[in-house]
Amino acid sequence: MIRALVRILFVAVIATVFVAGAFGGGFVVSRQFFAPAPLPDGGAPADWKPYMPVYWEAWNYVHQDFYKTPIDDSQLVNSSIDGMVNALGDPNTRFVDAKTSAITSSDLSGSFEGIGATVEMKEGRLTVVSPIKGTPADKAGILPGDIILQVDDTVIQNMDVMQAIRLIRGPRGTEVKLVIQRAKQPNLTLTLKRETIRVPFVEARMIEGTTIAYLRLNDFGATAPDEMRAALQELNAQKPTGLIFDLRRNPGGYLNVSVEVASQFLKQGQTVLIEKFKDGRKQEFKAARGGLAAEIPMVLLVDKGSASASEIVAGAIKDYKRATIIGTVTFGKGSVQNVHTLSDKSELRVTIARFFSPLDHEIHHVGITPDIEVTLSDDDIAAKRDPQLDKAIAVLTGKK
Amino acid sequence: MRTILRVLVILLLTGLIVFVAFFAGFGLNYYQVRTQPTLSDIPKTFPLFWEVWGKIQGDFYGDVPNRQTLTRGAIRGMLQGLNDPHTIYIEPEPARNEQTTLQGETGDIGLNLDIKGGVLTIVAPIPGSPADKAGLRAGDIVLKIGEKEVALHTTPQEAAALLRGPVGSKVSMQVRRIGEPKPMDLELVREKYALPTVEAKVLPNTSYGYIKITMETTETANEFNRALDTLKNQRVTGIVLDLRNNPGGLFPDPVLDIAGQFLKNNDVVLYEKYRDGTEKEYKAGSRRGATDLKVVVLVNNGTASAAEILAGALKDYGRGILIGEPTYGKGSVQSIRRLSDGSALHITTATWLTPKKKQIEGAGLQPDIAVPLTNESIQKGIDPQLNRAIEYLNKGA
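Chains A and B, in that order, give the protein sequences.
Residue numbers for the first sequence follow this note's numbering, so the first one is 1 and each next one is one higher.
Residue numbers for the second sequence follow this note's numbering, so the first one is 1 and each next one is one higher.
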């Protein structure tokens, strides 16, 4: 009985070994004839080699399965780069493909093609700050405070403001459809034709009925220092007793331009900012000589739209107590980007450093706190009131 | 002699088995190699990827994440380049989690989510679920889950993984409802529930039956058949089929069976259209229980996917008119591809067409009679869509 069991067991084990061996053997022999192609690494550097095969696996499946054909490979490569860059987790390090770059690089050149409304993200919603006079946005009746819900077919929600702006802009002559929410009204759908919008970097005037000069800088673009100098000369000719410098909603621009702008208000040799790199290196930028407004009593206006280069200027002015700063806490972007133009004319902005105010105050995620806090409410905007500017005039004229 | 014969038979059999096993192994490898996707040549523009990496590597101020994170970012980005909201990348952990869904084993709050224009949107709360009781509605946009802001292009699967958790634990959410000035903050308790997916009753003071299908699972067709039998025993003369806030679910069997109950023949319920232009037909199930009953179908923007198929088929064959609001427009088919590191891809491989070859994806279905459901009527507990359906069955118009 036991012997029979042992025998059956023996036979079963032998049979299993035979079958498994034959199966395995067949598999191995087959491998000799039909080997799977090794997944490529796509020219990856050594430290990427273990990971890139998964990327090409995904690439293959997309090309094998995706229902819409043909697939635009260069578009996929661009968006892959975008995805890799986004994975760095720094919103200011960005890849802009060649097509988009042609549109956005015009930003700092003083003109762009779009509809001509300044916008900001408020509670995750794209809100119109103001339409620029004479632009398609203005002519279509877009109002400050309007919320842009949708651009063409894309819902705008919790989106990076630059990304939203990129959707709205486009070559002149083309059309863009906006769905707009306005308080107490059904949603409006407007179709606007894009035009070339020219935004002067500098606006200058004397405040009516006073001896106070008003100077506004919209952007730290390449020609801003020249425009500033010209405007200050013109204003100085009218012998102002005070100067209001307005950096509200100024998103920044070139770092070297910020040094030139700050130089107008500081004494030669005063530090404008300290740039700090990852490896611990530091670089200080000093004010140049020949400031045209280094002595005049001054108020600086800032708000949470004052970012980057605006915060460099505001930080220096604050640390040297050069002016009374009025408004609200600034944006808090204290990082410097290096802009590379790549071989195919696409553009890569890489965060390479942080900057600090002359007294070594952190700006990134902190911002510059005004000396006198004055807010600008939606009601103020709707009623075309500007309590921040009013306060600035009051401070300079010595009225309470 | 007999012994020799026996040995011979055993030898022959053994040889045969070994032979078969050998070829099975041979064939397995052959099959694996043949079905492996072959790489179309590496795109000419790909060196740009390494050019960008070179610039980042040298100068980037922050800490550079590990290469695996960056590769996954690249894959995510690649799929976004396809501009298809349902073709998505899923990290290994949620990829494991999603294998357990659709089997009724969900310990969460009962939300069906989708991505619209990059934004995480509620398709519909499952009726009776914590999400439903908390007042969440189709079309609400999810801004935060817990303390975490929902990033643009967060996939429904990633969000669902955040929403799931131990039964009885709490999860907070912030949502925005279009038209409301402020986002709403909610706190929900996760539950485990296996709710019935079909509700049926005779509408009071009428001879009409009301069947509500909340989603499609393995049990739905059976529940529907029982509900229909019960109503027929009560001699109803018409049916209101309520597919509002039905986000779909299991496909194709439940909807093919349910559609079959209403259709006269072995009709095509939908076509699945592939990239090469071929179309696969899905035909109605064989039970014909309600071919003579008048039917009105209630739909809204929470009617999605499999539910839209059912509504589309009844509409196209003239078996039921649609009352309510336009449907959601989710009509594409994804296949799941597992990658070697445990992550997964959902790739859209086909789109759905109604029997009259209308595309569902993006477009949705238009109601024959549009009746909106306003906030006011919800507050007053009135259902104008259902009332319109009864009126239609009464008057035939």
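For the record, the hints were derived by calculation from the structure and aren't laboratory data.
All C-beta atoms, glycine included, are put in the ideal place defined by N, C-alpha and C.
Any given hint could turn out to be false.
Claimed, not checked - Output of the computed footprint for chain A on chain B, the stretches with three or more beta carbons under 8 Å from beta carbons of chain A:
hint, segment
1, 45 to 57
2, 60 to 68
3, 217 to 229
4, 290 to 299
5, 384 to 390
Hint numbers not upheld by this structure, sorted from lowest to highest: Per hint list: 3, 4 and 5 violated.
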